[in-house]
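Given next are the chains, with one letter for each unit.
There are 2 protein chains.
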Amino acid sequence: MEKGSLVVVSGFSGAGKGTLMNNLLSKYNNYALSVSATTRSPRPGEKDGVSYFFKTVEEFETMIDQDELVEYAKYVGNYYGTPKAFVEKKLQEGKDVLLEIEIQGALKIKKKFPDALLIFITPPSAEELRSRLVGRGTETLDVVNQRLTRAITESEGVEAYDYILINDDIDTCTEKLHNLIRASHDRACAHLNIIEIIRKDLRRIEYVK
Amino acid sequence: MEKGSLVVVSGFSGAGKGTLMNNLLSKYNNYALSVSATTRSPRPGEKDGVSYFFKTVEEFETMIDQDELVEYAKYVGNYYGTPKAFVEKKLQEGKDVLLEIEIQGALKIKKKFPDALLIFITPPSAEELRSRLVGRGTETLDVVNQRLTRAITESEGVEAYDYILINDDIDTCTEKLHNLIRASHDRACAHLNIIEIIRKDLRRIEYVK
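Chain order of the listed sequences is V and B.
First residue of the first sequence? That's 1 in my numbering, and the numbers climb one at a time after it.
First residue of the second sequence? That's 1 in my numbering, and the numbers climb one at a time after it.
Incorrect hints may have been included.
To be verified - To give an idea of the chain B side of the interface with chain V (calculated C-beta under 8 Å), a few residues:
| id | residue |
| --- | --- |
| 1 | Val-158 |
| 2 | Glu-159 |
| 3 | Arg-187 |
| 4 | Ile-198 |
Stated by the list, open to error - Calculated cross-link-like contacts (lysine to aspartate or glutamate; reagent style EDC-like; alpha-carbon spacing at most 20 Å):
| id | chain 1 | residue 1 | chain 2 | residue 2 |
| --- | --- | --- | --- | --- |
| 5 | V | Lys-200 | B | Glu-128 |
| 6 | V | Lys-110 | B | Asp-162 |
| 7 | B | Lys-110 | V | Asp-162 |
| 8 | B | Lys-111 | B | Asp-162 |
Just so you know, these hints were derived from the structure itself, not from any lab.
Glycine included, each C-beta is placed from N, C-alpha and C at the ideal position.
Bound-form chain V, shown alone:
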């Protein structure tokens, strides 16, 4: 069984990361979503174990102590982290594991999983970013403004990413994301063993007479 790729998706708030990942999960059967643990409160409609594992601060700190997280970080006063066992199980099953986190967490992942694919999603412009954040309608204007200010710094470190996708059309962007994840299965590191086998066999082969 070919092992799956670990795919880390980051991007500006309001870039459409959630929709993209839902599209992949509903259109194709090669994906598994990494469910994060968090201490923040559920938004309307969010379900425990699906959107996030919602934890108390005490529960989360126990997970930290027991080394059950690939990475974790504090963001706007709340803990967010990636449970380790789930990710490794799905990769072994051949699933491409989708993991949505901000850049600092992503860079920690990359150190532990050097073959992880890092993808940053951006709207085509700052104005588009602003109108999407307002359009969502679930946040107060203060929070929207706070996020816009934060956006200036939330792309710091993006130079270390493998790909930047511009989400100006959700269907086009979904297909691009799918294609580059599938392409990652043919990165040289994944197939060097086949070249080695061919070299060995060529030394053994009975040449035509």
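Let chain V serve as the given structure and place chain B on it in line with the hints.
Relative to the frame of chain V, chain B by itself:
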């Protein structure tokens, strides 16, 4: 106009590189083939200016002297080289330029064009490689044996490549090749300017009141 990608295709003799590249050229309109210059004799059916620019040794050495080649090498007693002007013109026109050369030439290209995409094509097995070389029927058995022996070394340096494609089905392999070339247009290095523009605009934007 978005600049094209420089795509270097290498692989074992008999791996099917030529067919793959012809498929891309006939199915899609984003490709241009880099035509190499060589001093070897034309095979039946090969046309000057299409398959290769066929040159005398004297002509080729003049091109070397006048720095008109991106790279050149001697292989089985003949010169092979990549005329520079053609490649740069097509990249500027937005074409993805396909360039078929062996690994040592490819590594020279990578030094001059760090964003070049290096792709190695391999048959699924050594036995398959042998039967394809025999099947072509245009070479003497001595030449086939010489190539099989050479194949052992002709994958040396493949670790520096971006992708290794296993050509066990020509249509599947063509699609994979096309997809990963299209994906290369979204590599982070290609879009860092957009992130920079968004950051600047966010500092200027009039936030919602």
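Status of each hint after checking the structure:
no., hint, in the structure
1, Val-158, "holds, 6 Å"
2, Glu-159, "holds, 7 Å"
3, Arg-187, "holds, 6 Å"
4, Ile-198, "holds, 5 Å"
5, Lys-200/V <-> Glu-128/B, "holds, 14 Å"
6, Lys-110/V <-> Asp-162/B, "holds, 18 Å"
7, Lys-110/B <-> Asp-162/V, "holds, 18 Å"
8, Lys-111/B <-> Asp-162/B, "holds, 14 Å"
In terms of the numbered hints stated before, the structure departs from none.
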